[in-house]
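Letter 15 of the sequence shown, counting from 1, is numbered 10 in the working numbering, and no numbers are missing.
In short, the hints are calculated from the structure, not lab data.
We put the beta carbon where it would ideally sit given N, CA and C, even for glycine.
Heads up, some of the hints might be wrong.
Stated by the list, open to error - Beta-carbon label-pair distances, calculated as ranges:
hint: 1; residue 1: GLU0; residue 2: GLN20; range: 29 to 37 Å
hint: 2; residue 1: GLY40; residue 2: ASN6; range: 26 to 34 Å
hint: 3; residue 1: ASN6; residue 2: SER38; range: 31 to 39 Å
hint: 4; residue 1: GLU7; residue 2: TRP28; range: 24 to 32 Å
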Amino acid sequence: MNIDELKNTWNEDIAEETPEINIEQRNKINLPWKKYVKICAWSSGGS
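Please work from the sequences and hints to get the whole structure.
Structure representation (C-alpha cells):
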C-alpha cells in the first residue's frame, strides 16, 4: 500500500462516535504500555 492509499483509507475511516471502553479494558490496554515506559526509564538511568 502506498502512502496515498493509506491517507485515503485513514480519511474514510472516521467513526460517527467515539466507542466507549470500560475501565477493565482500558487497564488491559495500558498495562503493557506502562511496563514499556518503566523499562525505558530504568534502562536510560531514570533521566
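In this structure, is the beta-carbon distance linking ASN6 and SER38 contained in 31 to 39 Å? 38 Å Cβ-Cβ, so the 31 to 39 Å window holds.
Verify the CB-CB distance for GLY40 and ASN6 against the hinted window 26 to 34 Å. At roughly 42 Å between Cβ atoms, ASN6 and GLY40 fall outside 26 to 34 Å, so the hint is violated.
For the hint 29 to 37 Å, verify it against the beta carbon of GLU0 and that of GLN20. Holds, at about 31 Å.
GLU7 paired with TRP28, Cβ distance criterion 24 to 32 Å: 28 Å, holds
Consistency with the previously given hints fails for number 2 only.
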